[in-house]
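Q: In the order they appear, the protein sequences are chains U and R. With my numbering applied, the first sequence has no gaps in its numbers, which climb one by one up to 297 at the end. With my numbering applied, the second sequence has no gaps in its numbers, which climb one by one up to 304 at the end.
Hints listed in this document are in silico derivations from the structure and should not be mistaken for laboratory results. Here the structure is a predicted model, which means the values were calculated and not measured. Note that beta-carbon positions come from the ideal geometry of N, C-alpha and C, so glycine has one too. Mixed in with the good hints, there may be bad ones.
[Claimed, not checked] These stretches of chain U come out as covered by chain R in the derived footprint (C-beta under 8 Å, 3 or more residues):
| id | stretch |
| --- | --- |
| 1 | 21–30 |
| 2 | 37–47 |
| 3 | 140–146 |
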Amino acid sequence: MAEKGTWTVKKGLAEMLKGGVIMDVTTPEQAKIAEEAGACAVMALERVPADIRAAGGVARMANLKIIKRIMDAVTIPVMAKVRIGHFVEAQILEAIGVDYIDESEVLTPVDEQFHINKHNFKVPFVCGARNLGEALRRIAEGAAMIRTKGEPGTGNVVEAVRHMRMVSDEIRRLTVLPEEELVTVAKEMGAPVELVKQVAKKGKLPVVNFAAGGIATPADAAMMMQLGCDGIFVGSGIFKSQDPKARAEAIVAATTHYNDPKILAEISEDLGEAMPGLEISTIAPNERMQERGW
Amino acid sequence: MRVGVLALQGAFLEHCRSLRACGADPVEIRKPEQLEGCRALVIPGGESTTMGRLMTAYDLLTPIREMAAAGTPIFGTCAGMVMLARQVEGLDQTLLGLMNITVKRNGFGRQVDSFEADLQIPVLGKEPLRGVFIRAPYITALGEGVEVLAVYHDKIVLVRQGKLLAASFHPELTDDLRLHKYFLEFVA
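Sequences are here, hints too, so could you generate the full structure?
A: This is the structure we're talking about:
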């Protein structure tokens with residue numbers, strides 16, 4: 004008998020996205036540009052994070068018409084975002100057949116205590132994390148893919164670097180700890196002890212881990228790959244730049260050839276202006292999207 | 117034995133792991149010069165449009181076609197099967213076009229329809245193989261020289277043409293090495 008929505012199948016799609024770039028798009032035309040540039044998936048949105056940040060107010064799941072038109076326009080997987088904790092938005096996205104759901108801090112959370120029970124769904128979920136405890140809590144809730152949070156919509160990769168280094172350092176530390184210390188460590192990081200033990204043994208997260216939040220250049224993408232990420236999300240970085248097609252192609256190539264500075268140099272030329280950047284210290288702490296999530 | 121695994125995008129690490137467990141020596145392929153000395157090649161799952169673009173941009177199409185012409189075994193899974201096909205239904209995309217098959221991309225549906233199921237594959241023996249199908253393609257038409265090795269619900273999901281092998285599903289996501297071992301036997 005065929006079994007749908009199993010853990011292998013949910014985690015499996017994330018494995019297939021590895022080494023690839025997932026691009027934020029707001030129209031079918033942008034989705035086509037992303038697909039032709041070599042995106043391995045697109046994130047269908049009403050507004051990119053930079054515009055959500057500028058608009059303020061409550062950011063919700065995108066208009067379903069936009070998502071469906073994007074699904075019709077491309078053959079690659081289509082992801083869409085729901086607000087943290089909004090399990091009904093997730094039910095709706097599953098019903099229209101979205102391929103992956105991002106329970107995302109870019110939108111305004113609806114539950115200040117609990118995330119979605121992602122085990123209840125056939126569609127897989129990706130969630131953001133700033134540290135190992137947060138990543139393992141999301142995996143315990145059923146996330147089949149993790150990404151750094153970074154600071155979305157800033158074109159500033161510093162926070163994604165911080166989050167990736169943090170997760171990697173914590174994983175490395177776990178691998179050298181004696182087993183009797185793992186229970187206390189699990190308590191301190193607020194993560195299930197079984198998952199902590201598993202990470203300590205294998206030296207890696209049990210799911211794919213992508214970089215997200217602030218990636219704006221091919222060099223940013225390659226750096227996140229060299230830091231150990233499995234792939235790249237680019238939000239505002241492509242369609243807020245001067246030449247989206249050229250930049251999209253370059254970031255795709257940089258994600259594949261991340262360890263080849265000669266190729267990185269070739270593809271980094273003639274890209275036009277990157278998106279305007281934001282210094283993190285100029286964003287009030289209560290307006291930082293990465294602080295959302297529990 | 118040196119076996120290339122196309123590492124432009126997708127689940128190449130999982131294929132490397134399976135190949136290593138079979139005793140082969142996998143190498144990641146991103147540029148044409150890395151193909152040198154490879155006795156066989158695996159094209160993994162991922163997105164075929166992404167792979168097609170990067171294969172064009174980094175001059176991999178011709179060398180891989182030449183390898184196939186010289187009799188080097190090639191195994192494609194999922195997107196790898198799409199790349200090996202001569203034609204994709206309803207779409208015009210870059211392909212290697214090495215096998216006389218037409219495939220339907222996402223034939224089994226979107227991610228919510230992705231599934232696992234036991235497959236009967238006579239060439240691997242009686243024990244079924246767990247097929248993991250992720251937005252999987254299937255074969256809708258066959259040409260000369262193509263042998264059907266497995267069918268699931270009337271859909272062709274595993275074929276061989278000489279030393280070329282193509283699967284709709286992902287043996288690299290399981291611990292079952294039989295299909296990789298079967299493929300490695302193609303190496304003269």
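Q: The stretch 37–47 of chain U covered by chain R? Criterion: 3 or more residues, Cβ-Cβ distance below 8 Å.
A: It holds, with 7 qualifying residues against the three required.
Q: Taking beta carbons only, do three or more residues of the stretch 140–146 of chain U come closer than 8 Å to chain R?
A: violated (count 0)
Q: Using C-beta distances, would you say chain R covers the stretch 21–30 of chain U, given that this needs three or more residues below 8 Å?
A: holds (count 3)
In summary, the one numbered hint that this structure violates is 3.
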